[in-house]
Each structure stands twice: as structure tokens, then as C-alpha cells.
Amino acid sequence: MTFEQCHIFMTKTYFHDIIVTMKKLFCSLILITAATFLFADRPLIRDIQARAGSGTKVKITWQLPKKPEPALYNLLIYRTTEQITSYNQLEGLEPIAAIAPDSSSYTDTLGDLRDYYYTIISETTAGPYDVVLLSFNSTITGVHLTAKKQSDVPAEKTDYETVYPDGTLRKTPLPYLDIIEGAGAEPLISDKTASNVTKLTGGNKKASISSPLTPYIFEEDLVSPESGDAYLLFEILKTSFVTRNYKEAIDKLNQLIGTNISEETRNRASFYLGESQYFNKNYEDAVRSFVRIQSVYPTLASKWLEASLDRL
1 MTFEQCHIFM TKTYFHDIIV TMKKLFCSLI LITAATFLFA DRPLIRDIQA
51 RAGSGTKVKI TWQLPKKPEP ALYNLLIYRT TEQITSYNQL EGLEPIAAIA
101 PDSSSYTDTL GDLRDYYYTI ISETTAGPYD VVLLSFNSTI TGVHLTAKKQ
151 SDVPAEKTDY ETVYPDGTLR KTPLPYLDII EGAGAEPLIS DKTASNVTKL
201 TGGNKKASIS SPLTPYIFEE DLVSPESGDA YLLFEILKTS FVTRNYKEAI
251 DKLNQLIGTN ISEETRNRAS FYLGESQYFN KNYEDAVRSF VRIQSVYPTL
301 ASKWLEASLD RL
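Under this note's numbering, the sequence shown has 69 at position 69, and the numbering climbs by one with no breaks.
None of these hints come from the bench; they were simulated from the model.
Quantities reported herein were computed from a predicted structural model and do not represent experimental measurements.
One thing to keep in mind: the hints can contain errors.
To be verified - No farther apart than 20 Å at their CA atoms in a straight line, the calculated lysine to any residue pairs in the SDA-like style are these:
#1 247 / 225
#2 238 / 211
#3 59 / 83
#4 238 / 280
#5 238 / 256
#6 57 / 76
#7 57 / 112
#8 66 / 131
Said to hold, decoys possible - Distance ranges between label pairs, derived from CB positions:
#9 212 / 83: 49 to 55 Å
#10 111 / 134: 24 to 30 Å
#11 103 / 55: 47 to 53 Å
#12 128 / 245: 23 to 29 Å
#13 105 / 259: 28 to 34 Å
#14 255 / 93: 44 to 50 Å
#15 264 / 67: 46 to 52 Å
#16 299 / 82: 44 to 50 Å
#17 211 / 54: 42 to 48 Å
Cβ coordinates follow ideal geometry from the N, Cα and C atoms, glycine included.
Kindly produce the complete structure, drawing on both the sequences and the hints.
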């Protein structure tokens, strides 16, 4: 095949793909238009939308049929972890709510960060109208909770002073943690900077280098949670932190902190980030991490801050 023939073939293929795509879009528009016309007077709600609000709330909205036949009696709202495309998928499930037929919105409360789908079935005087159409009465995409807004003043939190006990077994515990031997390092920041940060801990004199600290894990992270962002943090601790792969732990913790997680989990992850930087001898970074989290864990963070400053 010559170059010209190859070019002609590729051009034809390109335009063929464009035509096929346009045909699919055109067919989809025809189907949506036909469905709208076909179900105009049927007891089927349409334009369902689910949006996460603040905290644990999700708001579902929709449009009611104008003159449904037969008349609406109830609206049954279902919440699932999979997309619903057929009424058969709802068999055996209990609706989370049955609301008045003139309602056009509902606020749901979630307790985790999983994706959820919503379907609304119209219950008429003749029974449930067992038709499910995506984007009409069933959501196309899942919705999940958003992160809580951080308050200006951090809430008081009791520090847990329990260090992971050597050799103690728990239900799905983190692996055994050895005492990490520390090593001195050349100063990474100026004496002036170190002196300014030392004032944050209340110290007026430079203390002698203390013994290396042992890894600290909060009580709530010793046992694997079932799901949610706390589970993601537990996996990082299990696979990287307690295996002393601190460079990997730093990367994973930075990624987790930058995602949509709860403030409580982000605070603990930030503290583990400081620990990982300390054990990886990134003492300047560790100082910054512990300074940022000091207002949340004042006693605990000050201890680690002083230990990090000792090694600068």
C-alpha cells in the first residue's frame, strides 16, 4: 500500500468514526424525545437529581408529572449502591421513605462516603408504577458526601497518650512496631529559624538531643475500621508506616490529606505525616507538620516538635 493509499484509508476511517458517533448521539436524542412524549401523562417523575450538601445531607429533587393517569398516591424513594435500570432490581428492597405525591424534593442523611444511587417509584391508586428510566426517576451517577468545612477554631480534642504496645495482638491489629533508632543530621534550616520555632513549644533554652522517639499511633487507628476514609488511613499505616517505609508513607499521606476526607481523619493523617518525616530524617518538614497540627494535639505535637528541633 502506497503512502497516498494509506492516507486515503486513514481519512475514510476517521470520517467513518465521526459519522458513527453522530448517529449514536442522534439516536439517543430521538430515544429521549420519544420517551418524554410517551410518558408525558404517565405517573412517572422525571429529571431526578441528587446533590451532596453540607455535612451528612444529600438532597434529591425531581419534577412531577402534570396530569398523571392514574393519579399518584405515594412516592417511594429507594437508595442503592448500584445503578438501577430495572424495577426488578428493587425487588425485596425497602424504600428509605414514602412521601406525599405532591413533593418535589427529599433530604437524605448518609453515614459513610460510599457512592449512592436514588430511584423514585410512583405509587398510584392502582399500585406501584413499575417503570424505571435513567435520568427520569433513577439517577445516572452516584453521589457521596463532601468534606466538612473546617471551623476557624479547632475543636478541643483529648490527646491519646497510648503508644502502640510491643507484641500486643488485637482484632485485626496493625503489624508489630519496632523502636526506630534515630540518627543525627546536619541542620537543614538556620539557627534563627530553629530558635523562632522553638518558642512555639514554650522552650527558652536549647535542650540536649533527646533519645529517639518511638512510633505513636492513635487508639482509633489500632484496629481496622469497616469502611470510609479512616479505612484508607489504616491501610497506609499497615502497608507503609509500620513497615518503616517512611518515604512511601509520606507520599501516600500527602495524597490522602489532599482528598475529600473528614477533618478528624485529616488531623491524624497530618500527625502521621510529621512522624514519617521525622523517622525519614526530614526534620525541617517534620517541624512544619507538627507546627500546623499543634493546635489540635497541643501536648503530643509539642513533644514531637521538640524532638524534631533537637535534630536540626
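These are the hints, each one checked on the structure:
no.	hint	in the structure
1	247 / 225	24 Å, violated
2	238 / 211	25 Å, violated
3	59 / 83	18 Å, holds
4	238 / 280	17 Å, holds
5	238 / 256	15 Å, holds
6	57 / 76	19 Å, holds
7	57 / 112	11 Å, holds
8	66 / 131	17 Å, holds
9	212 / 83: 49 to 55 Å	52 Å, holds
10	111 / 134: 24 to 30 Å	26 Å, holds
11	103 / 55: 47 to 53 Å	22 Å, violated
12	128 / 245: 23 to 29 Å	55 Å, violated
13	105 / 259: 28 to 34 Å	29 Å, holds
14	255 / 93: 44 to 50 Å	36 Å, violated
15	264 / 67: 46 to 52 Å	50 Å, holds
16	299 / 82: 44 to 50 Å	46 Å, holds
17	211 / 54: 42 to 48 Å	46 Å, holds
This entry does not satisfy hints 1, 2, 11, 12 and 14, going by the numbered hints stated previously.
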